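A.B. asks: One line per chain: the protein sequences are A and B, in this order.
Just so we're aligned, residue 1 is where the first sequence starts under this note's numbering, counting upward by one.
Just so we're aligned, residue 1 is where the second sequence starts under this note's numbering, counting upward by one.
Please keep in mind that the hints were generated in silico from the structure rather than gathered at the bench.
A quick note: this is a predicted structure, and the numbers were derived from the prediction, not measured.
As a list, the in silico DSBU-like pairs of lysine-lysine whose alpha-carbon atoms are at most 30 angstroms apart: (1) B:K70 to A:K56; (2) B:K79 to B:K169; (3) A:K73 to B:K218; (4) B:K106 to A:K73.
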Amino acid sequence: MRSIRGRILLLSAVLLATAGCATSEEWTTWYEHRTHFASYDHMGFSVRNTEGSSPKVTRQDIALARDEGWWGKPITVSQEQILER
Amino acid sequence: MNGRSLVAAALVPLTLAAGVAVAAPPSDRVLPAEQYTTDKGRALAAAHRGALQELNSGLYHCWPWVEVQKASIGFYRPKNATQDDRYLSTRIYIEQDPSPAFARLKFEERATAMFSRYVGPLLRRMTKSPALAADPKLDGFTAILEWMKPAAPVGGRPVHETVAIFIDKPTALDYLQSRTDIRTLSSKARVLGFDGETPLGTIAIGPAWDDNFVTTFKVANYQLEPGVVCQ
Chain A
1 MRSIRGRILL
11 LSAVLLATAG
21 CATSEEWTTW
31 YEHRTHFASY
41 DHMGFSVRNT
51 EGSSPKVTRQ
61 DIALARDEGW
71 WGKPITVSQE
81 QILER
Chain B
1 MNGRSLVAAA
11 LVPLTLAAGV
21 AVAAPPSDRV
31 LPAEQYTTDK
41 GRALAAAHRG
51 ALQELNSGLY
61 HCWPWVEVQK
71 ASIGFYRPKN
81 ATQDDRYLST
91 RIYIEQDPSP
101 AFARLKFEER
111 ATAMFSRYVG
121 PLLRRMTKSP
131 ALAADPKLDG
141 FTAILEWMKP
151 AAPVGGRPVH
161 ETVAIFIDKP
171 TALDYLQSRT
181 DIRTLSSKAR
191 VLGFDGETPL
201 GTIAIGPAWD
211 DNFVTTFKVA
221 NYQLEPGVVC
231 Q
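Using the sequences and the accompanying hints, generate a full structural model.
C.D. replies: Structural data, given as structure tokens:
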């Protein structure tokens with residue numbers, strides 16, 4: 001029992017020691033990370049619309065989900081700060 | 001031709017037109033020709049209007065996790081250019097889930113990752129039209145990549161990070177024609193960084209790598225509009 005506790009403590013210490021560093025493993029994690037929608041509920045709404053058939057998501061569903069899930073006007077650089085017409 | 005055939009013949013083009021209208025992305029994503037300030041800009045816009053709308057349509061249908069805002073595609077001049085250099089520019093907002101691993105990277109590392117993932121495929125889409133790529137008036141390409149900053153909102157508003165990547169035409173064509181690799185492309189590109197609205201100046205990104213994300217990722221259950229083909 002004591003041995004198991006000891007191992008858990010050792011493992012925790014190793015995890016703490018390695019936390020906070022952008023390791024190559026984390027690069028790989030990000031690389032493997034699959035982009036999808038932050039608001040899954042909205043995508044679920046689209047899927048529910050196709051009840052009884054295989055779920056389908058159209059480009060319009062995505063545009064709608066984006067509009068409904070919009071988090072407010074972002075703070076971002078304007079086109080004019082980068083480019084001229 | 002009897003009456004029924006005449007009605008059917010009239011309905012076919014209407015149905016096709018309706019199908020196209022449903023499938024079409026907003027056309028205001030491409031800067032209209034009349035809004036350019038020089039003849040060179042207007043000439044490029046007029047000559048390659050179809051190619052730019054096709055680029056817009058391809059991004060809309062084939063990269064549905066990406067958003068293209070109004071006037072994000074056009075033959076813009078890099079700000080403060082000393083002459084009327086015209087670069088085909090495309091600005092995209094990349095939607096992705098929050099990722100602790102991505103958040104732990106430095107800004108330059110996030111920029112490198114985004115460069116690796118999007119610049120090559122974007123350049124290929126931007127040069128699908130041989131006439132556009134060969135146009136002597138075209139001086140280069142700009143890719144503007146924008147994503148949600150992995151940080152708390154400011155005043156309730158999300159903050160975006162942005163990189164503007166400028167690549168001259170010979171460098172881009174060398175890469176596209178496999179004479180150089182993505183590392184060389186990233187080393188020759190000029191990259192400006194922005195934290196929200198704040199310019200960070202020219203940033204040094206690391207060597208890029210070939211990331212096959214856009215060719216392998218599929219949005220779950222996503223169905224292309226009829227007649228749309230993604231290559």
